[in-house]
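Q: Here my numbering is used: the first residue of the sequence shown is 1, the next is one more, and so on.
The set of hints was computed from the structure by calculation and includes no laboratory data.
As the structure is a computational prediction, the values presented were derived from the model and not from experiment.
Ideal placement from N, C-alpha and C gives every residue a C-beta, glycine not left out.
Some hints here could point you the wrong way.
Unchecked claim - List time: in silico BS3-like cross-link candidates among lysine-lysine, alpha-carbon distance up to 27 angstroms:
(1) K67 <-> K189
(2) K150 <-> K69
(3) K124 <-> K150
(4) K69 <-> K59
(5) K189 <-> K59
(6) K59 <-> K124
(7) K124 <-> K69
(8) K59 <-> K94
Claimed, not checked - Quick list of simulated restraints, FRET-style, between CB atoms:
(9) E257 <-> F93: 32 to 42 angstroms
(10) G131 <-> G186: 55 to 65 angstroms
(11) G82 <-> Q194: 31 to 41 angstroms
(12) P130 <-> P176: 35 to 45 angstroms
(13) E241 <-> I97: 13 to 23 angstroms
(14) H190 <-> W47: 55 to 65 angstroms
(15) M68 <-> W129: 14 to 24 angstroms
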Amino acid sequence: WVLDCGVHPWGLAREKEEAKHETKTITKRNLRNTYTLHAQQVGTYPWGIDPIWHHTSNKIGFFNSYKMKMSIIFGVAHMFLGICCSLVNHLEFKKPINIIFEFIPEVIFFLCIFGYLVFMIILKWATPWPGGHGPMLLNVLIDMFMSPGKEPDIPLYAGQATVQLGLLAAAFLSVPMLLFPIPIIGYYKHRAAQRSAGASNYTMMGADAAPHNPNPLSPASGQAGGGGGPHGAPGVEDEEEYSFTDEFVHQTIHTIEFVLGSISNTASYL
């Protein structure tokens with residue numbers, strides 16, 4: 001909202017000139033007459049947009065494109081902040097596996113696609129293009145997926161096709177790293193815990209076995225006998241139920257939500 005305010009404390013960054021100069025022609029219309037303003041750029045505007053754009057014939061397309069790009073930058077920054085908040089949770093609950101196989105793949109996938117889009121937006125703004133016609137970033141992003149390795153018609157920088165191919169490969173490889181390792185590691189950790197619990201119970205049963213008592217009516221015989229009854233040795237407590245299928249389905253849902261959510265949220269700004 002602040003960037004849309006029609007104020008210009010720094011004045012215009014373009015100076016009026018005579019019609020004989022080869023300058024940009026801007027047509028202004030008011031209620032009574034039509035006149036032409038000839039101007040040339042005299043410097044970079046300090047902040048925001050030069051108010052002279054409000055008097056151009058293509059101001060609607062220019063401002064819509066500017067607002068869309070600003071929305072993408074702020075939206076991507078906000079989503080990346082949410083990903084970083086998950087790191088705080090993993091550190092709080094001491095889950096290094098989730099940091100390695102959840103947080104890091106999410107960061108790689110997100111930055112390789114949407115962080116790269118923000119990089120292209122800023123680079124396009126900072127690059128003077130001959131005639132003012134730079135590449136269409138939406139087409140560049142689409143061609144990055146549809147025609148990987150293809151050099152763009154108007155490249156942003158040298159070696160753009162190779163860089164985009166590497167980013168695309170890293171993004172695709174991060175998806176199976178986000179999906180498979182956590183359920184598999186959880187399954188093997190559960191199996192190891194089961195084997196450890198079984199071995200410790202077997203050792204305790206051997207150590208607690210009492211010597212033979214010839215008198216079956218003595219109190220010692222009552223304490224030594226009956227491993228599973230209410231007055232015998234305590235049985236092994238039932239462990240928490242573990243299901244590899246449930247864990248895998250949960251991780252699949254999380255992966256789909258993250259990937260599709262990142263794409264749909266960014267596409268809503270386009």
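Q: Decide, hint by hint, whether the structure agrees.
A: Hints and how they fare:
For the hint pairing K67 with K189, the CA-to-CA distance comes to about 50 angstroms; that exceeds 27 angstroms, so the pair is violated. The hinted pair formed by K150 and K69 meets the criterion: a straight-line CA distance of about 24 angstroms does not exceed 27 angstroms. At roughly 19 angstroms between alpha-carbon atoms, K124 and K150 fall within 27 angstroms of each other, so this suggested pair holds. Restraint check for K69 and K59: the C-alpha separation of about 15 angstroms stays at or below 27 angstroms, so the hint holds.
Distance restraint check for K189 and K59: the Cα-Cα separation of roughly 61 angstroms exceeds the 27 angstroms cut-off, and the hinted pair is therefore not satisfied. With a C-alpha separation of about 19 angstroms, the suggested pair K59 and K124 falls inside the 27 angstroms cut-off, and the hint holds. The hinted pair formed by K124 and K69 meets the criterion: a straight-line CA distance of about 11 angstroms does not exceed 27 angstroms. Distance check on the hinted pair: K59 and K94 sit about 53 angstroms apart at the alpha-carbon level, beyond 27 angstroms; violated.
Distance hint check for E257 and F93: the Cβ-Cβ separation is about 20 angstroms, which falls outside the suggested range of 32 to 42 angstroms. Here the CB-CB span from G131 to G186 is close to 58 angstroms, well matched to the stated 55 to 65 angstroms. For the pair G82 and Q194, the supplied restraint of 31 to 41 angstroms holds, since their beta-carbon distance comes to about 36 angstroms. Checked against the hint of 35 to 45 angstroms, the C-beta distance between P130 and P176 comes to roughly 43 angstroms, which is consistent with it.
At roughly 21 angstroms, the beta carbons of E241 and I97 sit within the given window of 13 to 23 angstroms. The given range of 55 to 65 angstroms is respected by H190 and W47, whose C-beta atoms sit roughly 57 angstroms from each other. For M68 paired with W129, a C-beta distance near 18 angstroms keeps the hint of 14 to 24 angstroms intact.
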